[in-house]
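Participant: Position 38 (the sequence shown) corresponds to 376 in this note's numbering; numbering is contiguous.
Hints in this document: simulated from the structure, not taken from any laboratory. Just so it is clear, the structure is predicted and the values come from calculations on it, not from any experiment. Zero decoy hints are in this set.
Straight-line Cα separation of at most 30 Å, DSSO-like style, residue types lysine-lysine; simulated pairs: (1) Lys369 x Lys707; (2) Lys673 x Lys570; (3) Lys601 x Lys395; (4) Lys653 x Lys355; (5) Lys355 x Lys570; (6) Lys378 x Lys355; (7) Lys376 x Lys707; (8) Lys601 x Lys376; (9) Lys653 x Lys378; (10) Lys355 x Lys369; (11) Lys653 x Lys376; (12) Lys355 x Lys600; (13) Lys437 x Lys673; (14) Lys395 x Lys376; (15) Lys378 x Lys600; (16) Lys653 x Lys369; (17) Lys653 x Lys707; (18) Lys395 x Lys600; (19) Lys707 x Lys361; (20) Lys673 x Lys436; (21) Lys707 x Lys570; (22) Lys378 x Lys395; (23) Lys361 x Lys378; (24) Lys376 x Lys361; (25) Lys601 x Lys707; (26) Lys601 x Lys570; (27) Lys378 x Lys707; (28) Lys355 x Lys376; (29) Lys600 x Lys376; (30) Lys378 x Lys601; (31) Lys601 x Lys355; (32) Lys570 x Lys600; (33) Lys707 x Lys600; (34) Lys707 x Lys355; (35) Lys601 x Lys361; (36) Lys600 x Lys361; (37) Lys653 x Lys361.
Between beta-carbon pairs, the in silico distance windows are: (38) Asp343 x Glu379: 36 to 46 Å; (39) Ser342 x Asp421: 55 to 65 Å; (40) Thr403 x Lys570: 48 to 58 Å.
We put the CB at the ideal spot given by N, CA and C, even for glycine.
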Amino acid sequence: MIHSDLIQITEYELMAKLPDPFKFTDGSRVKTREDWSKRKEELFRYVEMVYGRIPPKPDVFHVETLGEGSRTSCYRITSGPYDHPVSFSMTIHYPTVKKDVYPVVIDGDMCWDYVYNTDFLDAFRRSGIAVVLFNRLELAADLRESGHRSPLYRAYPDLDFGALLAWAWGYSRCVDAVFELGIANPECIAFTGHSRGGKAAFLAGVLDERATIVNPNESGAGGCGSFKIRMKGVDEEGNSRHNESLEDLLDQFDYWFSPELKKYYGHAEDLPFDMHEVKALIAPRILLEGNAASDLWANPVGSVQTAVAAAEVFKFLGAENNLLWYFRRGVHWHKSEDAARLARIMNCSLDGTTPEDEYHVPPFRLPRKAYDWSAPEAVSYQ
339 MIHSDLIQIT EYELMAKLPD PFKFTDGSRV KTREDWSKRK EELFRYVEMV YGRIPPKPDV
399 FHVETLGEGS RTSCYRITSG PYDHPVSFSM TIHYPTVKKD VYPVVIDGDM CWDYVYNTDF
459 LDAFRRSGIA VVLFNRLELA ADLRESGHRS PLYRAYPDLD FGALLAWAWG YSRCVDAVFE
519 LGIANPECIA FTGHSRGGKA AFLAGVLDER ATIVNPNESG AGGCGSFKIR MKGVDEEGNS
579 RHNESLEDLL DQFDYWFSPE LKKYYGHAED LPFDMHEVKA LIAPRILLEG NAASDLWANP
639 VGSVQTAVAA AEVFKFLGAE NNLLWYFRRG VHWHKSEDAA RLARIMNCSL DGTTPEDEYH
699 VPPFRLPRKA YDWSAPEAVS YQ
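Please build the complete structure, drawing on both the sequences and the hints.
Facilitator: Printed below as a string of structure tokens:
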């Protein structure tokens with residue numbers, strides 16, 4: 339069971355208060371839903387600052403069937419610009435009970451072994467959900483020196499984007515594919531992924547509004563964490579750890595991001611945004627953030643503080659119940675219990691029911707709010 343004394347926060351630094359997502363760049367403030375639509379256009383500038391320039395809608399799209407089975411089918415997707423299309427594979431694991439269309443969860447982590455865990459897959463399949471898997475590394479290798487020779491960079495050589503954006507692109511092409519195949523219920527499309535794959539799933543969900551549920555798992559810095567909040571703590575096993583900072587991230591994985599982000603190395607407090615504003619771009623759709631209590635590297639305090647701030651936007655849009663975050667006990671991994679929780683949320687979203695799982699309970703004593711603004715009076719959302 340999660341409780342507020344499960345881990346101890348020994349150091350906490352709010353380098354700068356979280357910026358007001360409702361404030362336009364000219365200093366005026368959002369008042370209506372129409373205003374928010376305009377403000378979102380400004381916030382997407384920050385998305386490009388972090389991840390790079392977004393490729394345009396593909397000129398080419400084709401799905402080739404490679405093999406069909408009773409429970410699993412394999413396909414090749416070809417998409418991109420006319421002169422340099424990119425191909426990658428996609429596998430669909432179907433539920434036992436056959437239907438015309440299914441709720442679909444898309445996961446780009448076919449390069450990691452957790453997706454081959456039968457319990458993980460069955461958490462969805464037993465719930466009537468089709469699991470769509472692809473290997474994001476076919477689009478952009480996870481390598482600093484040679485990664486930029488990967489297919490998607492060659493397809494769009496004039497766009498300066500990082501690997502996370504390349505991986506996110508794959509999620510959208512899989513949505514294109516399941517719609518072309520006619521197997522997806524458009525009312526329930528979920529994106530998920532773990533760690534760096536969670537960052538990619540998060541970004542994909544920000545960019546593609548066809549994702550009705552966005553579920554980054556332990557995505558940390560550059561995902562659901564915070565650039566402006568630093569922490570150190572003692573985990574469930576008594577180990578002292580600190581979170582991954584912007585500097586840690588760029589020292590190892592600068593190729594995941596836009597080169598523009600490097601300007602803030604050593605000066606994260608000067609960033610004109612933080613990740614609560616990126617989370618807010620998902621509203622009013624469902625954002626389900628998964629965390630592990632002992633995953634201090636992923637900045638659990640920053641994740642919660644930015645979620646609490648982003649909730650102001652969800653509330654403004656009349657969708658305050660659509661931002662959900664939770665902690666399970668343990669360390670950094672994507673477990674079958676995480677999959678089962680997402681499956682329940684997917685089915686609740688279709689049924690119009692309220693999930694019975696516990697949410698919004700941190701495994702530490704939460705510091706004061708990291709912002710000093712509040713949402714304008716809420717508007718209704720239909």
